[in-house]
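Peer 1: Each chain, letter by letter, is given below.
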Amino acid sequence: MGGSSRFGRFQGMLFASPALIVLGLFVIYPAYYTIRLAFYQGDFNFHFFHYLGLKNFKDLLTNDPDFLDTSKFHGFNIVKELVYKSDGGALINNVHWVIFYLSFSLIIGLGLAVLAVRVRYERAVKTAIFVPMAISATAVGIIWLFVYSPNPDTGLLNAIIHGFDNGFHPIAWVGRPSLVNYCLIFAYIWASVGFVMVVLSAAIKGIPAEIMEAARVDGAGEWNIFRRIMFPMLSLPISVVTVWLFVNVIKVFDIIYVMTSGGPGTSSRVIAFTMYEETFQNFSNTRGPGYGAAVAVIMLVLVAPVMVLNVRRFRSERVVT
Amino acid sequence: MATVDQAVRISAQTRSERLIRFITRTPIHFGLIAIAVIWLVPTVGLAITSFRKPNNIAATGWWHALTQWDWTLHNYGSVIHATGMGHAWVNSLIITLPATILPLTLGALAAFGFAWVPFPFRDTLFLAIIALMIVPIQTSLVPLLKLFRDWHLNSPHFGIGAFSFVGIWLAHTAFGLPLAVFLLRNFFITLPKDLIEAARMDGASNLAIFRRIVVPLSVPALASFAIFQFLWVWNDLLMALVFLAGQPDKAPMTVRIPYLLSTYGQEYNLLSAAAFLLMIVPLIVFFSLQRYFVQGLLAGSVKT
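Line by line, the protein sequences give chains A and B. One rule links them: number in the working numbering = place in the first sequence (from 1) + 2. One rule links them: number in the working numbering = place in the second sequence (from 1) + 1.
Keep in mind that the hints were calculated from the coordinates and are not lab data. Heads up, some of the hints might be wrong.
Unchecked claim - List time: in silico DSS-like cross-link candidates among lysine-lysine, alpha-carbon distance up to 30 Å:
| no. | chain 1 | residue 1 | chain 2 | residue 2 |
| --- | --- | --- | --- | --- |
| 1 | A | K57 | A | K74 |
| 2 | A | K57 | B | K147 |
| 3 | B | K147 | A | K60 |
| 4 | A | K74 | A | K60 |
| 5 | A | K128 | A | K207 |
With the sequences and hints as input, model every part of the structure.
Peer 2: The following block contains the structure:
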């Protein structure tokens, strides 16, 4: 019985140790290093140079209009300002991402999941919507740059609007600070909805048909069945998907790098983009790599609740014995 | 189990009922087909563009190609040879294959330990691995870069090109591992206990049980993770940007294409062909291994 002897206990560690060493060396130690670096200015060799305390965080949140432009806020109606201000810096852009990316991905994905099971060509529809999930954000970026092209002869979106309205002046969709974020968000929704749909669709098919039948026999309409039976039964998969979308949107980088490089100006930057820019591109400033590390720590703090949630959920399922 | 699908179908019985159903469902058909078209058209447009002649691309939209015959493979020749995209395609493969096999192997070994060979702090360590799945790559970029620099892994120091890739292989392995361990451990634990106990009684070593029983029985789970990780690495931009910075001859396609965009921004013929070359590998994987692919993604929903 190798499993119970002392040697067996040692063996288990032996199986796990290569993975644990790699994780410790390349995930945990670097995370500790980055957290520590966030309190320093740092230098080009990423040494802990010139201790600053909380200055990096303070500068980020109060003294960096590209990250958070507090001057744009007047504080009377914070919710309204958050939704409408399009020039509040990377953090506010990311808030827009969270609001619009999450809500539209969920609504479209849930709608598709509910409706697609009712038609015979379900598989074809699902495949069409799922395909963008396989494509890299780089390719998604190129695809949508073509769609958003300002040239009315070759850009699909401008051509379509031009077809309806001859007096229409073509719009540089990703060239306008007021539009660029929504154009990027839509492209990313396009790439993510397939996932939402597939997860929720699998969950819908798991709802016992007897429950729906019983409700129909009792004379419940389709809308009531959706609202009172399907929706409550889908609450767990919806929360899983919401968490996935949230973590995704905190980390969003590739598509912005490809489509706009954070531009025009700095109007489409988000947190992850700021981190890259401040750490690897912004050599002229005096802030040093500690500043980028502070941005990374902010990202870690934002996703930390999800870590706790996942661990808790796993424990409550009692899979760990 | 009966599904909603069937339940809906059973309810239509008489002809008039069917007619009413058809009418009430027209908006559903309309909406679904409209969305499917919106979701397909951008990709199809890019694919068509990549097969058109450069002067046509500049003059008219790709939808004109549906009525006028002007297909050509010329763009692919240009983009592969003149812009180094063929080389970048090979780089993508060189980065992706080890970065898939390494976490798969290490992850499967660890998952076996977590599932079947008890050791001290096993459950605590497993919960820690679940937490690690969410850690953003950004918190590791700088220290890893420093580490690889200190180890001379991401400079052509050794005079052997392959060493440049070691850093990015290790980084991808580290960030793929938590998911691999989580996914595979949860699959391994469902294997019949009797089978493993019986093998132990027969004196089989843990390694033999792993190789002869666990791995052969877990091919679907191993395939799901392998596909997920393959596409994750193939599609990755950020790690390649950071760990292969300053080495254009090592850059994968995801890095090469934005570069192409900044230098040939208006040359849609090159851009579309390059993007299509980048997409074609995931699309082939998707259409040939759709079941594993979807399973892998569903299982990977805890990672992002």
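Peer 1: Each of the hints needs a verdict: does it hold here or not?
Peer 2: Verification of the hints:
Note on A:K57 and A:K74: the hinted pairing holds, with a Cα-Cα distance of about 22 Å set against a maximum of 30 Å. For the given pair, A:K57 sits about 23 Å from B:K147 by alpha-carbon distance, which is consistent with the 30 Å threshold. Pair hint B:K147 plus A:K60 holds up; C-alpha atoms about 26 Å apart against a cutoff of 30 Å. Simply put, A:K74 and A:K60 have alpha-carbon atoms about 18 Å apart, close enough for the 30 Å limit, and the pair holds.
At roughly 14 Å between alpha-carbon atoms, A:K128 and A:K207 fall within 30 Å of each other, so this suggested pair holds.
Violated hints: none; the structure is consistent with every hint.
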